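**Q** Each chain, letter by letter, is given below.
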Amino acid sequence: MYWEPERECMDREELRQLQLEQLQATLSRVYLNVPFYRRKFDELGIDPDEFRSLDDIRRLPFTTKNDLRDNYPYGLFAVPLREVVRIHASSGTTGMSTVVGYTKNDIKTWSNLVARVLTAGGVTKDDVIQIAFGYSLFTGGFGLHYGAERLGASVIPISSGNTARQIKIMQDFKTTALVCTPSYALLIADTIQEMGINMNSLSLRYGLFGAEPWSEKMRKEIQDKLRIIATDNYGLSEVMGPGVAGECTERNGLHMNEDHFIFEIINPETLEPVAPGEVGELVITTLTKEAFPVIRFRTRDLTRFIPEPCPCGRKTMRMQRVMGRTDDMLIIRGVNVFPTQIENVLMSIEGTEPHYQIVVDRKGALDEVTVMVEVSESIFFDEMKKQAQLVDAIKKRLASELSISVNVKLVEKKTIERTEGKAKRVIDNRKI
Amino acid sequence: MLRIRNLESGYGSLKVLRHISIHVSAGEIVAIIGANGAGKTTLLKTIAGLIRPLSGEMLFEKNDMMRLSPENIVSSGCSLVPEGRQVFAPMTVKENLLLGACVQFKRNRKDEIAEDIEKVFGMFPRLKEREAQLAGTLSGGEQQMLAIGRALMARPKLIMMDEPSMGLAPLIVKDIFAIIKKLRDEGNTVLLVEQNAKAALAIADRGYVIETGRIVLEETAEELLSNRDVQRAYLGRDVDAETKI
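Going line by line, the protein sequences match chains P and X. First residue of the first sequence: 137, per my numbering; consecutive thereafter. First residue of the second sequence: -18, per my numbering; consecutive thereafter.
It is worth saying that the hints were derived from the structure and are not from the lab. On a predicted model such as this, the values are computed, not experimentally measured, just so you know. Please note that a few of the clues may not be correct.
Stretch-level coverage of chain X by chain P, calculated; a stretch enters the list once three of its residues show a Cβ under 8 Å from a Cβ in chain P [stated by the list, open to error]:
| hint | stretch |
| --- | --- |
| 1 | -16 to -3 |
| 2 | 159 to 168 |
| 3 | 197 to 207 |
If the Cβ cut is set under 8 Å, some of the chain P residues that face chain X in the computed set are [claimed, not checked]:
| hint | residue |
| --- | --- |
| 4 | GLN153 |
| 5 | LEU156 |
| 6 | GLU157 |
| 7 | ALA161 |
| 8 | ARG165 |
| 9 | ASP185 |
| 10 | SER233 |
| 11 | ASN403 |
| 12 | THR406 |
| 13 | GLU426 |
| 14 | LYS567 |
From the three backbone atoms N, C-alpha and C, an ideal C-beta is built for every residue, glycine too.
Isolated chain X (complex conformation):
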């Protein structure tokens, strides 16, 4: 579905991504894990068109997306749930969702929009209850649900999520990851960027480990979970201390 080869990207003269090659096949959850500053968010922002890549290849369903604008990337079926939710605080829940539907609106599929809102409300009953509430007054977990719902309104083929667990209570994190898994089970494809490697790998099919702008590992999620380097660096397991005993 998504195929990236030798992608280089960054900010101004600062090259963050060295040469990233990854792929996402239809129906999988692919997790990208790595430390702060490794380039995870830069990668998602580059795919979403928010940062212009320096070089490389990006194909989405065989279409070149290197030069597409963010809105064209969304309408080609690739939506981003941004880091820190970024819901429109002074607008209501419903208005936020409607903004996510601008692609459908442009396509003149207004009839489908109402249907999609009902679908999102079906998935997140909490949002339905707070339909007319201002987004800024929602809890963190609810805002995350709203951000996901907003992305779904564009009827994406690929949903990219940037740190969906960020700043959420552990119990809420569990809910959010259950939702992501459910999205996949319903046939969606998810590219997930997370610092919470354990939670991400628990639901992912495959994963990449990114270090200083380079992919250093590509394996099934199960293999990554049992990789000791990954355990030490990202799963908070003190392997060294254990072996001393």
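Only chain P is shown next, with the shape it has when bound in the complex:
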């Protein structure tokens, strides 16, 4: 089943023509409308008029999350704000989030691409789809919601959390497709077992999971426990949100929506393209975004192209599920967390030392974060109450900064292992 067969199964040569046309138009527009890109192009002596082939994309400068942050909030928008109908944001490294906007057309395109990914994952308009992603500044909830409506499915916008209620609704509303993070799907599966619910009382058939890395082992576990076909999908708010790429039911790599984005995989050290099939950092250029086009955005996600054709008949290139990051960003329960965010909070609280460690575990299906922080000796001699107050204060600040709850543990000075050179700030014990 295809959503847009004329695009998904498009002849490669025709696709390249379309990409070239759209890229030239995009470059003309960003040069005209976004001072950041005009400055950058001028500095590098790039004339958008001289852009003649898709290979010329390699001459264009990269855009990074830092560029987005430096232009906070609206600096990279290519249209006036009055034409923007939606604003989303994602976490940034220093507490400043990165803000993205959508025009009416962008929302239409986005919905369409999500409908495409849903269709590839087996969902049709006859499905009842439960969206257990957060409905917030995060693109996951609204992105999937609009796409599922575009598809014509019956959408349950339950948002994230309250697992018992999720399961009750799943039973009562006869949910056939579940959308959430893979770890939350596992938690739901485990909770169903704990509650002693007969799996036969559920109508689930498909699961579309994303927003965090997962493994084949996890897929197998989710599929066995929930008795569904589980597919992976990929997106990031800086580029659009969900709908950038998604697996078909072959479940062997994610089809990339190449008629709306140009995908490159580069060596993060040399910044040169890797050989086809080799692992590198994914770089994405938008071709049809109106409000927030990005040129060569470095996703920091590691993956590789799968050049072989897919038996499903789609001609779009596939990428392997994301294999890791080139920076220190952690994905905790679907939320992006940078260690520097935690550091900034700790630095701003009196009584803490600049030594800390972040320990990430997976308890059952859920990620758990413990921040160990050294405190001045005086506090340890003080009464317990003061210690508890400090822990509470740090917890609250971290929760508001990261939008997830974390555990905080105070430790005595010099108990956190000192290393020569770069401190080991993060211990990730998760086995995904």
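Put chain X on the given structure of chain P with help from the hints.
**A** Positioned in the frame of chain P, the structure of chain X alone reads:
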């Protein structure tokens, strides 16, 4: 069907088209919209071979047309309905149509010519009624029909139209666009250049926006119609005034 990459063209030393890349697939109406002087007519004239391109690639059904003469472009299946109709005023309607059939004539398909004239008359009964009338005495709308009919006589695979609504009364414009849509529905492919963006996008499948010789947007016609930049610049909608209320 038609694929153009990095086309540069202009008049003498004046470069009008910077680097145009567009394509037209079989069975679609593609609209090119843009302001006066943006390069729309130059683009069509270049495709039709009336202006020599400076550089780039033009493939029509996989054949290179960069160096083809206008008559060879017509016989390869690409006809132009020129801006301002340009019918031969002192000749009759039928003679004008016969002139459009010179390709068929050269191919020695004289038997088909009569058949084609009947087809054109079937499509435009008004022309049939005025078969022997001098083209110069026709109304603007009738002349436009004649220009389209003349282009059809070459049995084109791609029909290019330059400002078909120009100088016509709104009611006639409606008729002309209905005809273009009908042409597409009958399996023809149309590349349409128009200042009347609203009417063009209403019947088109896809569109390009051209500004100072560059393509700045490629989208479905529906998306272009809801693009606020397009609305402001080409659809005469005062978006700024609306938001103030």
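**Q** Now look at each hint and say whether the structure bears it out.
**A** Outcome of the hint check:
| no. | hint | result |
| --- | --- | --- |
| 1 | -16 to -3 | holds (count 3) |
| 2 | 159 to 168 | violated (count 0) |
| 3 | 197 to 207 | holds (count 6) |
| 4 | GLN153 | 5 Å, holds |
| 5 | LEU156 | 5 Å, holds |
| 6 | GLU157 | 4 Å, holds |
| 7 | ALA161 | 5 Å, holds |
| 8 | ARG165 | 5 Å, holds |
| 9 | ASP185 | 5 Å, holds |
| 10 | SER233 | 26 Å, violated |
| 11 | ASN403 | 29 Å, violated |
| 12 | THR406 | 29 Å, violated |
| 13 | GLU426 | 7 Å, holds |
| 14 | LYS567 | 46 Å, violated |
When the structure is compared with the earlier hints, violations turn up for hints 2, 10, 11, 12 and 14 and for no others.
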